[in-house]
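Peer 1: Chains as they are written, first to last, in the numbering used here: chain A, 80 to 226; chain B, 68 to 259.
Simulated from the structure, these hints should not be mistaken for lab results.
Source: prediction; values computed, not measured.
In this text, a Cβ means the ideal position worked out from N, Cα and C, and glycines have one as well.
Be aware that a few hints might be false.
[As the list claims (entries may be wrong)] A few chain A positions that, by computed beta-carbon distances, are all more than 12 Å from chain B:
1. Thr135
2. Ile197
3. Leu209
[Unchecked claim] Label pairs and their in silico Cβ distance ranges:
4. Leu166/A to Glu82/B: 24 to 32 Å
5. Arg146/B to Ile210/A: 46 to 54 Å
6. Ala106/A to Arg127/B: 46 to 54 Å
7. Ile164/A to Arg142/B: 22 to 30 Å
[What the hints assert, rightly or not] Looking from chain A toward chain B, a few residues come up when the C-beta cut is under 10 Å (computed):
8. Glu90
9. Leu122
10. Met134
11. Pro141
12. Gln145
13. Trp179
14. Glu180
15. Thr183
16. Phe186
Here are the chains, one letter per residue:
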Amino acid sequence: MSRLCSRPFDEEWITGYLDGELTQGEAQRVRVHLEDCDRCRGLLDELTRVREATMTTSFPTPADDQWDERPRGWASRLSRNLGWIVLGLALFAMLVVAGWEVLTAPFGRVEQLVAVAIGVALLSLLLSVLIDRLRTRATDRYRRVKK
Amino acid sequence: MVVRARRGEAAAREELAQQIRLPAFRLALQLLGNREDAMDVAQDSMLRFFSNLDRFDTRRPILPWLFSIVHNRARDLQRRRRRRPGDYGSGQLEATEIRLTASGVDPEAALSRRQLQRQVWKGLAMLSDDHRRVLVLRDYQDLSYNEIAEVLELPRGTVMSRLHRARRELGRHLLGECGPAGAENPSAGGES
Numbered sequence: 080m081s082r083l084c085s086r087p088f089d090e091e092w093i094t095g096y097l098d099g100e101l102t103q104g105e106a107q108r109v110r111v112h113l114e115d116c117d118r119c120r121g122l123l124d125e126l127t128r129v130r131e132a133t134m135t136t137s138f139p140t141p142a143d144d145q146w147d148e149r150p151r152g153w154a155s156r157l158s159r160n161l162g163w164i165v166l167g168l169a170l171f172a173m174l175v176v177a178g179w180e181v182l183t184a185p186f187g188r189v190e191q192l193v194a195v196a197i198g199v200a201l202l203s204l205l206l207s208v209l210i211d212r213l214r215t216r217a218t219d220r221y222r223r224v225k226k
Numbered sequence: 068m069v070v071r072a073r074r075g076e077a078a079a080r081e082e083l084a085q086q087i088r089l090p091a092f093r094l095a096l097q098l099l100g101n102r103e104d105a106m107d108v109a110q111d112s113m114l115r116f117f118s119n120l121d122r123f124d125t126r127r128p129i130l131p132w133l134f135s136i137v138h139n140r141a142r143d144l145q146r147r148r149r150r151r152p153g154d155y156g157s158g159q160l161e162a163t164e165i166r167l168t169a170s171g172v173d174p175e176a177a178l179s180r181r182q183l184q185r186q187v188w189k190g191l192a193m194l195s196d197d198h199r200r201v202l203v204l205r206d207y208q209d210l211s212y213n214e215i216a217e218v219l220e221l222p223r224g225t226v227m228s229r230l231h232r233a234r235r236e237l238g239r240h241l242l243g244e245c246g247p248a249g250a251e252n253p254s255a256g257g258e259s
């Protein structure tokens, strides 16, 4: 039959004991308790294994050039984002103007319809791709895998 | 070196920057679970570190002070994003290049270790921000309880208490994922 704690004992001390962060007196008290308590000995084993498992992980080291390429502050980030927004708006405006030109140019009715159909088809395809990308963005585990 | 860097010596500042940028990045990554955010936070922290270098007490170790800055920047970012529990490293698990510290070449052992690391990473994601911070500073950054208390501005006893709960929670996750079915400790969380 396993022996359990016979008196109140703060189990957080086992973590302090494992890390060598207790005073001599506290550590001695934990040692004495562990001799009598199977459950707390099991807990010490479990915490030791968890700590070892945690420590097996190492993390990536960015290359030197990555540091230099990164924006240095909010100003550079803002200007970069602003640049993309302005570029996107300009491209959209270009598309609108091109569509208007096609509609108002002296083409026949059939040619205009064909041009509009092609434009609508291209726009639908692009929209479909965009929607799919947005939908899968949150859950796609492989989107950052380098090809 | 810090003294020379404070005097404005470019070589000393460069050398200091080389020394601290990797710890800054790694802590940010461990706190945020996202490589892009970690890089931004590390860069911002470096700027703040050097702009406040005059206020640093040169008799004290650098890393706890640097980690305080990184921790505050990471927390600010989390608040700005209004992150919810579970957002840690969302969608980034496979992308983060967790690399093995093992020197062995046995592919099965390597695979097993990789799986274990993945479980640890997932377990970290399940912890609350408060618990994760303490665990990361202790087990990855090897800070003492007093240094963690200083970085997080907490009483030392709270550090030990949170670390204990964090490890127990992580242990339950690892047992549930990696261990035998039903191996979970029924007395978890209580005091003996």
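Peer 1: For every hint, state whether the structure bears it out.
Peer 2: Structure-based check of each hint:
no.: 1; hint: Thr135; in the structure: 6 Å, violated
no.: 2; hint: Ile197; in the structure: 36 Å, holds
no.: 3; hint: Leu209; in the structure: 19 Å, holds
no.: 4; hint: Leu166/A to Glu82/B: 24 to 32 Å; in the structure: 40 Å, violated
no.: 5; hint: Arg146/B to Ile210/A: 46 to 54 Å; in the structure: 31 Å, violated
no.: 6; hint: Ala106/A to Arg127/B: 46 to 54 Å; in the structure: 27 Å, violated
no.: 7; hint: Ile164/A to Arg142/B: 22 to 30 Å; in the structure: 29 Å, holds
no.: 8; hint: Glu90; in the structure: 5 Å, holds
no.: 9; hint: Leu122; in the structure: 8 Å, holds
no.: 10; hint: Met134; in the structure: 6 Å, holds
no.: 11; hint: Pro141; in the structure: 6 Å, holds
no.: 12; hint: Gln145; in the structure: 7 Å, holds
no.: 13; hint: Trp179; in the structure: 39 Å, violated
no.: 14; hint: Glu180; in the structure: 41 Å, violated
no.: 15; hint: Thr183; in the structure: 45 Å, violated
no.: 16; hint: Phe186; in the structure: 48 Å, violated
The structure shown violates the earlier hints numbered 1, 4, 5, 6, 13, 14, 15, 16.
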